[in-house]
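Going line by line, the protein sequences match chains A and B.
Counted the way numbering that gives the first Met the number 0 counts, the first sequence spans residues 0 to 186.
Counted the way numbering that gives the first Met the number 0 counts, the second sequence spans residues 0 to 99.
Just so you know, these hints were derived from the structure itself, not from any lab.
Any given hint might turn out to be false.
Pairs of lysine-lysine residues, derived as DSBU-like cross-links and limited to a Cα-Cα distance of at most 30 Å, are as follows [said to hold, decoys possible]:
1) B:Lys-86 / A:Lys-168
2) B:Lys-81 / A:Lys-120
3) B:Lys-98 / A:Lys-168
4) B:Lys-98 / B:Lys-86
5) A:Lys-25 / A:Lys-162
6) B:Lys-81 / A:Lys-25
7) B:Lys-81 / A:Lys-162
8) A:Lys-168 / B:Lys-81
9) B:Lys-81 / B:Lys-98
10) B:Lys-86 / A:Lys-25
11) B:Lys-98 / A:Lys-25
For each label pair, taking beta carbons as the anchor points, the in silico distance ranges come out as [said to hold, decoys possible]:
12) B:Asp-90 / A:Asp-176: 43 to 51 Å
13) B:Ile-74 / A:Ser-117: 40 to 48 Å
14) A:Leu-141 / B:His-53: 37 to 45 Å
15) B:Ala-85 / A:Met-73: 33 to 41 Å
16) A:Lys-120 / B:Met-94: 48 to 56 Å
17) A:Leu-103 / B:Ile-74: 29 to 37 Å
18) A:Thr-154 / B:Tyr-52: 22 to 30 Å
19) B:Met-94 / A:Ile-4: 26 to 34 Å
Footprint (simulated), chain B over chain A, 3 or more residues, beta carbon under 8 Å [claimed, not checked]:
20) 14 to 27
21) 33 to 45
22) 49 to 59
23) 90 to 97
24) 119 to 131
25) 144 to 158
None of the values given here were measured: they were computed from a predicted structure.
Glycine included, C-beta positions come from ideal geometry on N, C-alpha and C.
In case you want the letters, here they are:
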Amino acid sequence: MLNVIVFGLIALIVVATALAMLLTRKPIFSVLFLVLNFASVALLYLILGAPFIAFAQITVYAGAIMVLFLFVIMLLGAERAGFIEPLKGQRWIALILAVVFLVLVSILIMGNLLDLPSLHKPDVDFGAPVDIGVLLFENYTLPFLIISVILLVSTIGAVVLSKDMQPVKNVQVVHLDEVTTSGEEEE
Amino acid sequence: MPPVAYFLGLSAVMFMLGFLGVVLRRNALIIFMSLELMFNAANLTFVTFASFYHNINGQLFVFFVMAIAAAEVAIGLALIVKIFRAKHQIDVDQMSSLKG
């Protein structure tokens with residue numbers, strides 16, 4: 000019972016910070032609320048027996064991605080976009096669809112239609128980094144290499160996108176047809 | 000331990016809040032952050048089922064999702080900065096050059 004109460008408190012913080020992130024007017028507050036959201040979700044990961052994922056969440060999401068957002072907000076200045084603007088009825092359709100989805104999910108949960116039992120308390124060494132590392136390098140080698148290439152490409156792309164594209168001056172441009180004609184003359 | 004359904008319900012609620020943020024907000028940065036919220040909802044589902052079936056592959060996939068999200072955020076924010084340099088605003092309602 001105490002576990003359910005703790006889960007309820009953490010879930011309350013998760014939902015409250017997500018709502019606050021959506022409803023606040025200043026983007027800087029949204030970023031800070033989202034950091035708190037990520038920290039609460041990391042606590043949920045700890046409950047579920049995933050210590051490596053919990054700390055990776057804090058390090059990668061709350062520590063790197065949110066700092067990227069903060070840098071961009073600093074570069075762009077304080078945006079003061081209003082909250083809900085009438086988008087020709089899309090606002091009401093989105094809210095209705097969200098309510099329908101939540102009603103369906105709550106029917107599934109409260110009616111216990113899926114018949115899912117309670118979770119068992121995970122072992123002490125369930126989500127240990129050693130096990131994840133062994134799995135990553137033995138069974139998932141190809142996805143790991145592809146992820147590394149994707150990260151490299153995104154880094155290069157971010158640098159390329161941030162550059163000012165101006166032509167390089169004082170460079171002699173050699174056309175390919177000039178090279179071939181000069182080769183024919185030599186022969 | 001709480002039932003699995005509670006974790007899945009929380010994941011669904013997070014996903015819907017992220018979806019509402021993507022659809023309803025006009026600021027491109029808030030849309031990106033709502034997208035991260037949706038990623039987190041999916042990650043929570045992965046970790047929940049990894050714990051439920053006592054299979055660690057779910058947690059490994061969360062690791063992949065985090066790496067892809069980081070790469071996507073880097074490119075997306077670089078694009079937003081470039082758009083801001085061109086238009087001096089990041090209101091997505093104004094980004095309608097491709098509108099038919």
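We went through each hint and held it up to the structure:
1. Taking the CA atoms of Lys-86 (chain B) and Lys-168 (chain A), the gap is about 27 Å. The hint holds against a cut of 30 Å.
2. For a cut-off of 30 Å, the pair hint linking Lys-81 (chain B) to Lys-120 (chain A) is broken: about 48 Å separates their Cα positions.
3. As the CA atoms of Lys-98 (chain B) and Lys-168 (chain A) are separated by approximately 37 Å, the hinted pair breaks the 30 Å bound.
4. Distance restraint check for Lys-98 (chain B) and Lys-86 (chain B): the Cα-Cα separation of roughly 17 Å lies within the 30 Å cut-off, and the hinted pair is therefore satisfied.
5. Only pairs whose Cα atoms come within 30 Å are accepted, and Lys-25 (chain A) paired with Lys-162 (chain A) is accepted, the gap being roughly 28 Å.
6. A distance of roughly 21 Å separates the Cα atoms of Lys-81 (chain B) and Lys-25 (chain A); the hinted pair therefore holds under the 30 Å criterion.
7. Proximity of Lys-81 (chain B) to Lys-162 (chain A) is assessed by CA-CA distance (about 9 Å); at most 30 Å being required, the pair is judged to hold.
8. Between Lys-168 (chain A) and Lys-81 (chain B) the CA atoms are separated by roughly 23 Å; this keeps the pair inside 30 Å, and the hint holds.
9. Proximity of Lys-81 (chain B) to Lys-98 (chain B) is assessed by CA-CA distance (about 20 Å); at most 30 Å being required, the pair is judged to hold.
10. Annotation: proposed proximity of Lys-86 (chain B) to Lys-25 (chain A) holds, straight-line Cα distance about 20 Å (limit 30 Å).
11. In summary, the hint linking Lys-98 (chain B) to Lys-25 (chain A) is supported, as the alpha carbons are separated by about 29 Å, within the 30 Å threshold.
12. Checked against the given bound of 43 to 51 Å, the beta carbons of Asp-90 (chain B) and Asp-176 (chain A), roughly 48 Å apart, stay inside it.
13. Distance hint check for Ile-74 (chain B) and Ser-117 (chain A): the Cβ-Cβ separation is about 41 Å, which falls inside the suggested range of 40 to 48 Å.
14. In this structure the supplied range 37 to 45 Å is violated for Leu-141 (chain A) paired with His-53 (chain B), their Cβ-Cβ distance being about 25 Å.
15. Restraint check, Ala-85 (chain B) to Met-73 (chain A): a C-beta distance of roughly 19 Å breaks the suggested window 33 to 41 Å.
16. For Lys-120 (chain A) paired with Met-94 (chain B), a C-beta distance near 49 Å keeps the hint of 48 to 56 Å intact.
17. Between Leu-103 (chain A) and Ile-74 (chain B) the beta carbon distance is about 34 Å. The supplied range of 29 to 37 Å therefore holds.
18. For the hinted restraint 22 to 30 Å between Thr-154 (chain A) and Tyr-52 (chain B), the CB-CB distance of approximately 35 Å leaves it violated.
19. In this structure, Met-94 (chain B) and Ile-4 (chain A) break the distance hint of 26 to 34 Å, their C-beta atoms being roughly 46 Å apart.
20. Coverage of the segment 14 to 27 of chain A by chain B holds in this model, with 6 residues showing a Cβ closer than 8 Å to a Cβ of that chain against a need of three.
21. For a cut-off of 8 Å, the count of residues in the segment 33 to 45 of chain A with a CB near a CB of chain B stands at 6, and the three-residue condition holds.
22. Counting residues of the segment 49 to 59 of chain A whose C-beta sits closer than 8 Å to any C-beta of chain B gives 6, which meets the bar of three, so the coverage hint holds.
23. Taking a C-beta to C-beta cut-off of 8 Å, the segment 90 to 97 of chain A contributes 4 residues in contact with chain B, enough for the three needed, and the coverage statement holds.
24. Beta-carbon proximity to chain B at under 8 Å applies to 7 residues in the segment 119 to 131 of chain A; the threshold of 3 is reached and the given coverage holds.
25. Residue count for the segment 144 to 158 of chain A with a Cβ under 8 Å from a Cβ of chain B: 8. That meets the three needed, and the coverage hint holds.
Violated hints, in rising order: 2, 3, 14, 15, 18 and 19; the structure is consistent with all others.
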